[in-house]
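Residue numbers (our numbering), protein chains in the order written: chain A, 1 to 365; chain B, 1001 to 1365; chain C, 2001 to 2365; chain D, 3001 to 3365.
By construction, these hints were calculated from the structure, which means they are not laboratory data. A quick note: this is a predicted structure, and the numbers were derived from the prediction, not measured. Among the hints, a few may not be true.
Covered by chain D, per the in silico footprint, the following chain B stretches (three or more residues, Cβ under 8 Å) [stated by the list, open to error]:
no. : stretch
1   : 1175-1184
2   : 1209-1222
Some chain C residues flagged as far from chain A (calculated, every beta-carbon gap over 12 Å) [as the list claims (entries may be wrong)]:
no. : residue
3   : Pro2088
4   : Gly2115
5   : Leu2209
6   : Arg2274
The following label-pair restraints were derived from C-beta to C-beta distances [claimed, not checked]:
no. : chain 1 : residue 1 : chain 2 : residue 2 : range
7   : D       : Gln3208   : B       : Asp1102   : 39 to 45 Å
8   : D       : Ala3230   : A       : Gln75     : 51 to 57 Å
9   : B       : Glu1094   : D       : Asp3097   : 36 to 42 Å
Note that CB positions come from ideal geometry on N, CA and C, so glycine has one too.
4 protein chains.
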Amino acid sequence: MTLPEVSRSAGVVATPLALADAPRPVASAAPVARVAVIGASGYSGQEFVRLASGHPGLALAALVSREHAGRPAAQWIPGLDPRATRLPAAVMPEALDAMLVDARVDTLVACLPHGAWKALSAERTELALASRVVDLSSDFRDDASGYVYGFPEQLRDAIAAAKRVANPGCYATAAALALLPAAEAGWLDGPVMISALSGVSGAGRAAQLRTSYVELEGAASIYRAGTEHAHVPEIERVLRRAGAFVSVGFVPQLAPMSRGILLTANAPLSRPVRADDVHAFYARRYAQEPFVRVLDAGVWPTTRAVARSNRCDVAVTVLHGGRTLLVAAALDNLVKGAAGQAIQNLNLMLGRPESEGLTMNGSPW
Amino acid sequence: MTLPEVSRSAGVVATPLALADAPRPVASAAPVARVAVIGASGYSGQEFVRLASGHPGLALAALVSREHAGRPAAQWIPGLDPRATRLPAAVMPEALDAMLVDARVDTLVACLPHGAWKALSAERTELALASRVVDLSSDFRDDASGYVYGFPEQLRDAIAAAKRVANPGCYATAAALALLPAAEAGWLDGPVMISALSGVSGAGRAAQLRTSYVELEGAASIYRAGTEHAHVPEIERVLRRAGAFVSVGFVPQLAPMSRGILLTANAPLSRPVRADDVHAFYARRYAQEPFVRVLDAGVWPTTRAVARSNRCDVAVTVLHGGRTLLVAAALDNLVKGAAGQAIQNLNLMLGRPESEGLTMNGSPW
Amino acid sequence: MTLPEVSRSAGVVATPLALADAPRPVASAAPVARVAVIGASGYSGQEFVRLASGHPGLALAALVSREHAGRPAAQWIPGLDPRATRLPAAVMPEALDAMLVDARVDTLVACLPHGAWKALSAERTELALASRVVDLSSDFRDDASGYVYGFPEQLRDAIAAAKRVANPGCYATAAALALLPAAEAGWLDGPVMISALSGVSGAGRAAQLRTSYVELEGAASIYRAGTEHAHVPEIERVLRRAGAFVSVGFVPQLAPMSRGILLTANAPLSRPVRADDVHAFYARRYAQEPFVRVLDAGVWPTTRAVARSNRCDVAVTVLHGGRTLLVAAALDNLVKGAAGQAIQNLNLMLGRPESEGLTMNGSPW
Amino acid sequence: MTLPEVSRSAGVVATPLALADAPRPVASAAPVARVAVIGASGYSGQEFVRLASGHPGLALAALVSREHAGRPAAQWIPGLDPRATRLPAAVMPEALDAMLVDARVDTLVACLPHGAWKALSAERTELALASRVVDLSSDFRDDASGYVYGFPEQLRDAIAAAKRVANPGCYATAAALALLPAAEAGWLDGPVMISALSGVSGAGRAAQLRTSYVELEGAASIYRAGTEHAHVPEIERVLRRAGAFVSVGFVPQLAPMSRGILLTANAPLSRPVRADDVHAFYARRYAQEPFVRVLDAGVWPTTRAVARSNRCDVAVTVLHGGRTLLVAAALDNLVKGAAGQAIQNLNLMLGRPESEGLTMNGSPW
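Starting from the given sequences, assemble the full structure and let the hints guide the process.
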């Protein structure tokens, strides 16, 4: 595990007192990627565009959207002031071929519904010309896919060397960060049970009755609980890579909020552990991670604290005489759970500061 | 366990096709309680007033509120049309003494913050004149208190014979209904872990920063997770009464919604059980319960479906080769988790139909 | 204007102290309608089913839904407990012909998207056999349609004599109740400007991006402001019937809430009027109306106070030395703005108590 | 009116395609203010801290909070990662004296409840040492106060020359931007009626029942409508300065959303004007304003589009044959309505680029 850039780069801030991860000048020798965002009108696509716009290493060369092709970005990305916007108009996916051939684009970020990037990349072979691909869908998250799993806290060096990265899912990122230290420590023994709330943007932007306002205001629901949810194997692979061969049960829940994952996990421990020791181990494991914060003992996470940031908050303790691990995590599903993590991965792939263009500080309202 | 009245009383409905639990005439020979609601301006107090107003067996003889004493009900119970309201103005607690002495009041329903009813009833000895007391706080929920624990699905006959009833907490009601069949079946083996979301009304009506609108919109939080939460011993007592001596871990969460509890629990099973058998056992156990519904296999609860009803929805399955029980429950914290259950208990205490004045049907928006 | 039934029927309540409009026995000599609800799965259709289920004069004989035909009501009306439900399974519109012919159905309540009832009733001539029709869409709200406009506060006697009633829109109901007394008094002089918030259920239940949860949480929008909105001529007709020939400007707004209309209107007055006189006039005008309440001077409406009730709250004053009328109104768009008003109209058409099955009391959360 | 810096400074962005107002290097010759934020824990105080943290011209030298004195910023400003935070711990107001004397602080930004800054500055005379003061309360918004009214779109040059600035209220900013061109054009004739929605953060962060979650979810309310609201004279002063001596009626409304103002105004016009001409005039008037955008004809504002930005969206048309002006505006009450406008004013006072540290682009969710 290499030392993340956060503390070093923080040093350049000109103001004597400030949030250390505020925007700042960056040495311009680092490579700049010419990025095409495929599926730019969905929630994670839009979020990527917003985050990348302020990033000195990412030039937004193409925004791809079948639905909005030909329309200026400010007409279909809510909130943009057209006078302030230098973004290109949307193009069809077919337009990418020529842009890759003549190197106007060298990096693809796919923010498509599950299945669509696999289909598109199989069909249009010129897309293989891209120097870098980050796919935010679940299409290539299995180990046999040729994509590196884009989970920096576990696979930082592999990502830095990769040309193809499969960005983790939002649930899996939260679960993986909650359980990784315990898995690495060899503590997990027997099934892990996970209960997690997701904000509604996690269900995508296509209009559906189940994500309509009236159906959700003031109500929470469980859906597809069990072991069959697509995220279960993704979480099990993370744990297996860390040496823990345990099965996972998962209870996803939809809460009336636009953003955020709030997750709790419990598991029997292989031997009794003291709460202090578990906490200290977690704190040490994540001490150098810019985007993971282990909360003080007795403090529990809230999605509010991590909203609009790339940070994941983790809390951990043991119950029942040290025989049950109880761990919780909160993150923003559109940032650390999607677009922010994609940028973290691109930073690694480009050899730029890992935390560039990202914030550790949440904006709660 | 006696047969609940729901199916029988449903027969009287005049309309050929209707929701069976719609309001209907009731034989007037049954006793009518003269009720004082103490703490009528809080969320559960108001909810009790609304539900009791349409109940032919409950005459609202006094509304007690220090803050609003002397003011007509329509001025401090939001939504009431003063022209339609025959409720009395609020009185001070001190006024109850005379009302009990001359039998204008014979039943007390205490909807006070925790600790307040214990203090008030110790201080004002005339309150002991009441023929019936239902306390919605946690003050007398322990077995040594002389109060019967008002959980009809477990203690129906004792409640029917009681003069003092401690109404269960909202979290404990959801947890108890989720776990009762498994406990009775002797399946529970080892610690039970519970993760539960609560709507904000569960935190009471006193103004607090942590329940302010801006602090909660679009955000979910964990608070006081572990084994120390006041509800843990309450849940453990229910399970013990059913023969299961297991410890409980509890993760309460605050979700951005006014009403509702959504709870999941998992526990290791003493021996592998088939999902079908678990489901069938739960369905049989609750078949005669008017206010518990076991959802079809594969369907999971939502707070929306039980909103404003006295119903609790329960879903159950097993994971990990039948070795882990996974059960979920949803209810409305102000109804089945508070005021509705208080009415259910009063119905039993009065010898009236158990479901009188209550609805099994949720109103989702 | 005949005296509404509210005060009389309130007298029967058995409990000494209660909300006067709580459910109560009703003389059974009154006629019972056999109702088919067409479009029963939309928000107003569902609301009608819920309200009508407890109504002794309305037998729900058929629920019509193309989408859900053949499915039990509890599978597609959220919240219903199938054990408590005596509602019929959904049928196709085509099934109504035979039901009308053999008098299993004699009353049609159309809760369809605008345009659909006009098309359906033109196409299927057997539908003309119905003894009574209430259409909740805008299809027949113009005076030339042969339908009576179902605004009881203005057209009570005509409704009572009608066989076809066009139920007013939710915006128009709020605007009409806000302005009717001023129009009748001859005070309105010059254009009326209306600004109104609507809850999201007013946009219907079809899945649309613009009514998706994420698009609406924490945000309010103006849409189609001006004089072209479909509701403007509807409001102008109400005012004209009352003698006020003024034009109307309208600013509809979508607020992040499921239910409710909150409306303000201002207009120049033909001559200066004192605030006390305006208030007294409004109070007198609505004194006998069960479902309109004029708030005390200085109190302004909130949608919370009328939620889930059939009541409209109205506040009125004058500004600028008595030369500008300022009036506000709040109602529940699904009740007084749709299904509740439909029941009020059916009560009138059937000669039953006008307020039967309806509540004047709001349920704020 | 000087040309705002937005287009010029946008030119430095390194990326070929980007949001033009994204963070960027700034010439460091410009003066840097040493800022004390007084009342830093309220919503506008926190927002100021967040915005100022990334601002190269504002050094956060002191955060003043009686409640949190001595505590590190990350413990009381939600969302901050203590590892990323270089903010000072909170101090008591008394600590400012010494900091002003030895020039550790030279600029005061008061984010206190109304009345508190007036009292504090009268009591502690050392506060007069500050080179610059921006007060966000209503204490000094009248013309006789010696403070310049901080409304850049009207008083840019006076602000640039000022040492004391009274930051406008959120309602007044929206109203003023909606009406300023019409007032300057001499079109306004007769009373202006304003209806406005505010997000809940506008009511401050002190815990109150009326801003509690349950009281507000799914509900909108009118409060203190009329001509007496504190903002009415503030709006009338803006119009008078522009030559329009008209009275204003105001209907403030609380909507269930954390942020945002959505305002509509109507007024009789002194002579009929064509819609195209009104729109063209507004567009020209605001063409050089970085933070005001006139929407295309037929497009109406939404708070979503301006959330978390310093932009105000304005839409304008005429009704009733050109005799009624209808104008609407949306802004974020915590940014353009408070902290963002304070930074815009500080930029002017410091001679820095007016749009520095601020964004024209909204972040809708």
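For this session: Provide an ascending list of the numbers of those earlier hints which the structure does not satisfy.
Result: Going through the list in order, the structure violates hints 1, 5, 8 and 9 and respects the others.
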